[in-house]
Amino acid sequence: MCSTCGCDQGEKRVEDISHHHTHEHANGAHSHEHEHDHAHEHSHTHPDGNTHSHSHSHAHGHSHAHEHAHDHPLDAAAGAGVTRLVSVERDILEKNDAIAAENRHDLQATKTLALNLVSSPGSGKTALLVETLKRIGDKYPVAVIEGDQETTADADRIRATGAPAIQINTGKGCHLDADLVRTAMSRLGTPAHGILFIENVGNLVCPAGFDLGEAHKVVIVSVTEGEDKPLKYSGMFAASALMVVTKTDLLPHLDFDVDRLIDNARRINPTIGVLKLSAKTGEGINRWLHWLETARALRLATD
Amino acid sequence: MHEVSLATALIDLVHEQAAAARARRVTRLVLEIGTLSHVDAHALRFAVDAAALGGPAEGATLEIQEPEGTAYCLDCETSVAISARGAPCPRCGGVKLLVQSGDEMLLKEMEVV
Chain V
1 MCSTCGCDQG
11 EKRVEDISHH
21 HTHEHANGAH
31 SHEHEHDHAH
41 EHSHTHPDGN
51 THSHSHSHAH
61 GHSHAHEHAH
71 DHPLDAAAGA
81 GVTRLVSVER
91 DILEKNDAIA
101 AENRHDLQAT
111 KTLALNLVSS
121 PGSGKTALLV
131 ETLKRIGDKY
141 PVAVIEGDQE
151 TTADADRIRA
161 TGAPAIQINT
171 GKGCHLDADL
181 VRTAMSRLGT
191 PAHGILFIEN
201 VGNLVCPAGF
211 DLGEAHKVVI
221 VSVTEGEDKP
231 LKYSGMFAAS
241 ALMVVTKTDL
251 LPHLDFDVDR
261 LIDNARRINP
271 TIGVLKLSAK
281 TGEGINRWLH
291 WLETARALRL
301 ATD
Chain H
304 MHEVSLATAL
314 IDLVHEQAAA
324 ARARRVTRLV
334 LEIGTLSHVD
344 AHALRFAVDA
354 AALGGPAEGA
364 TLEIQEPEGT
374 AYCLDCETSV
384 AISARGAPCP
394 RCGGVKLLVQ
404 SGDEMLLKEM
414 EVV
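Chains as they are written, first to last, in the working numbering: chain V, 1 to 303; chain H, 304 to 416.
None of these hints come from the bench; they were simulated from the model.
Treat the numbers as computed from the prediction; the structure is a model and nothing was measured.
Check each hint, because a few of them may be wrong.
[As the list claims (entries may be wrong)] Calculated lysine-lysine pairs in the DSS-like style (CA-CA distance at most 27 Å, straight line):
#: 1; chain 1: V; residue 1: K139; chain 2: V; residue 2: K111
#: 2; chain 1: V; residue 1: K276; chain 2: H; residue 2: K399
#: 3; chain 1: V; residue 1: K139; chain 2: V; residue 2: K280
#: 4; chain 1: V; residue 1: K232; chain 2: H; residue 2: K399
#: 5; chain 1: V; residue 1: K276; chain 2: V; residue 2: K134
#: 6; chain 1: V; residue 1: K280; chain 2: V; residue 2: K134
[To be verified] Some but not every residue of chain V turned toward chain H, in silico, with C-beta under 8 Å:
#: 7; residue: T83
#: 8; residue: V205
#: 9; residue: A208
#: 10; residue: S234
C-beta atoms are modelled at their ideal positions from N, C-alpha and C, and glycine is treated no differently.
Bound conformation, chain V alone:
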């Protein structure tokens, strides 16, 4: 079973787009081999004062892990019920991060720009995506991975624009993880030389910690929310390259200070980019399309 996926709980589903229905995985139905192990040599001192060196291999996530548990005579103490201390120093999310690295590698190989769109529920992510896809049309390849706890409603809205889309239902899960996205990518295919939009579950807390393999996180905030969102949910704003402020057509009716929102976002992340737009009126949407094309050009220009 993959630790981050939780498929054995029968809650998470990646839509089977070839048959247009969803199904649940049986326990361990998709496991993954990760050939990232490498061997290295090091020396250390044991409690008996002997220093020795030896080589061993360990899984290569992004942490620098050292296992100090080895087969040697001192371990015979294990049988005698003696308490030992095992030094681990490994990242709890290393499995997710290793799968995210594979996703990133595959996206790089096909020169696909992947964006992880994160926000609160109801910020207008899907509405923005629908308008964006209509305007991109067939200028370059696109695909959409839709994350929601339940229903395929959002993927259906996206597919109505003609763009390929697949729904991931996370069940009780509050975020997408790299493994769910990997499964979705394998079924949907990557839009080579184009853009893969990953619409995360509406939640400003949990998705911040789970790398999916994307090039950038884009955080979307609507003007019907509070200006202090960046301070309340700082992790997400710290992790995002761009903040898109949506529903600006409503500003005349609201007591909302956009500049304060931007100041707060920059206080958390001094380098975050900002765009303001309305998916409804189209105001500001060309700048967003320009940002997308520039990010895509950078992806195409570099290995």
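The hints should help you fit chain H onto chain V, whose structure is shown.
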């Protein structure tokens, strides 16, 4: 609640490490959860207890170290300690801080039998 995902990933890692160390039981876990990570220690404790049930780490004591974050202040050009994102520089009061550490989530060590 992503603490459940974290706890599941943690216990998988613990089982892997316990098997490698030929341990029969895991009696204590030491975690390092940076104060700038988005993890609630209380929720994590609850989730880890639940995820460990029925395995070698059931009932293990959980020790959570919560180191402060560090950030580089663009105003006074110094590395400073901070306890929350968005907090002003404790030296000059500036608010343009680049976070350098504090969001780590590590299994540091474990006590096994």
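Report the numbers of all earlier hints that the structure fails to satisfy, in ascending order.
Hints that this structure does not satisfy do not exist here, as all of them hold.
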